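So the sequence shown is numbered by my numbering: it starts at 10 and just counts up by one.
To be clear, the hints were calculated from the coordinates, so they are not data collected in a lab.
Note that the coordinates shown come from a computational prediction; the quantities given were computed from them, not determined experimentally.
All residues carry an ideal CB built from backbone N, CA and C; glycine is no exception.
Mixed in with the good hints, there may be bad ones.
What the hints assert, rightly or not - What follows is a list of derived Cβ distance ranges for each label pair:
no.: 1; residue 1: Trp44; residue 2: Leu100; range: 30 to 40 Å
no.: 2; residue 1: Ser83; residue 2: Cys127; range: 35 to 45 Å
no.: 3; residue 1: Phe13; residue 2: Lys34; range: 21 to 31 Å
no.: 4; residue 1: Lys103; residue 2: Asn77; range: 25 to 35 Å
no.: 5; residue 1: Asn115; residue 2: Lys41; range: 37 to 47 Å
As the list claims (entries may be wrong) - Taking lysine-lysine and the DSBU-like style, the derived pairs with C-alpha atoms no more than 30 Å apart in a straight line are:
no.: 6; residue 1: Lys103; residue 2: Lys16
no.: 7; residue 1: Lys53; residue 2: Lys15
no.: 8; residue 1: Lys79; residue 2: Lys117
no.: 9; residue 1: Lys41; residue 2: Lys15
no.: 10; residue 1: Lys103; residue 2: Lys121
no.: 11; residue 1: Lys15; residue 2: Lys103
no.: 12; residue 1: Lys79; residue 2: Lys21
no.: 13; residue 1: Lys16; residue 2: Lys41
no.: 14; residue 1: Lys34; residue 2: Lys15
no.: 15; residue 1: Lys79; residue 2: Lys16
no.: 16; residue 1: Lys103; residue 2: Lys21
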Amino acid sequence: MSMFTKKQEHAKIHVLPLWELNFDKIHRYIEKLGWPISRAVAIKPTGWSYQQKPKKQNSNQIYQKDVNYKGNISIWGMPYSEHSSFTELGLFVKSLQANSIIPTVNTKDTGKMQVWLCKLL
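Could you build the full structure based on these sequences and the hints that come with them?
Below, the structure written as structure tokens:
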């Protein structure tokens, strides 16, 4: 079974632009689909879900729960950083079964960049 589909009606997961992850726009998106949807869960990547010090003594939890509900829609703020480790990037690329990668940063030395990209694919 393929992870991706071009047919919207076959998808169980829909990806929206970050700026559309609010209750009004998600509600409008669901209405536009015209499907019976019992609930929608939005995962909004953010760097603001970390806490400096754990709230409880002897706790190593650094994630602060960030979730908001409105009707059948919930929006979860999830910790995110653009500074992923090479291992994390490699696992992500492998899970997507990507055929190519288009770098957007540090692209001045294309030879060096290609060496690293080949290691990810």
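So, going through the hints one by one against the coordinates:
A C-beta distance of roughly 32 Å is found between Trp44 and Leu100, which places it inside the suggested range of 30 to 40 Å. The hinted window of 35 to 45 Å between Ser83 and Cys127 holds, with their beta carbons roughly 40 Å apart. The hinted window of 21 to 31 Å between Phe13 and Lys34 holds, with their beta carbons roughly 23 Å apart. Remark: the range hint 25 to 35 Å for Lys103 to Asn77 is upheld by a beta-carbon distance near 33 Å.
Take Asn115 and Lys41: their Cβ atoms lie about 39 Å apart, and the range 37 to 47 Å holds. Only pairs whose Cα atoms come within 30 Å are accepted, and Lys103 paired with Lys16 is accepted, the gap being roughly 23 Å. For a cut-off of 30 Å, the pair hint linking Lys53 to Lys15 stands: about 23 Å separates their Cα positions. Pair hint Lys79 plus Lys117 does not hold up; C-alpha atoms about 46 Å apart against a cutoff of 30 Å.
For a cut-off of 30 Å, the pair hint linking Lys41 to Lys15 stands: about 17 Å separates their Cα positions. At most 30 Å may separate the alpha-carbon atoms for a hinted pair to count; Lys103 and Lys121 meet this at roughly 21 Å. Taking the CA atoms of Lys15 and Lys103, the gap is about 20 Å. The hint holds against a cut of 30 Å. As the CA atoms of Lys79 and Lys21 are separated by approximately 21 Å, the hinted pair is consistent with the 30 Å bound.
A distance of roughly 15 Å separates the Cα atoms of Lys16 and Lys41; the hinted pair therefore holds under the 30 Å criterion. In summary, the hint linking Lys34 to Lys15 is supported, as the alpha carbons are separated by about 22 Å, within the 30 Å threshold. As the CA atoms of Lys79 and Lys16 are separated by approximately 28 Å, the hinted pair is consistent with the 30 Å bound. Annotation: proposed proximity of Lys103 to Lys21 holds, straight-line Cα distance about 21 Å (limit 30 Å).
Against the hints set out earlier in the document, a violation occurs for number 8 only.
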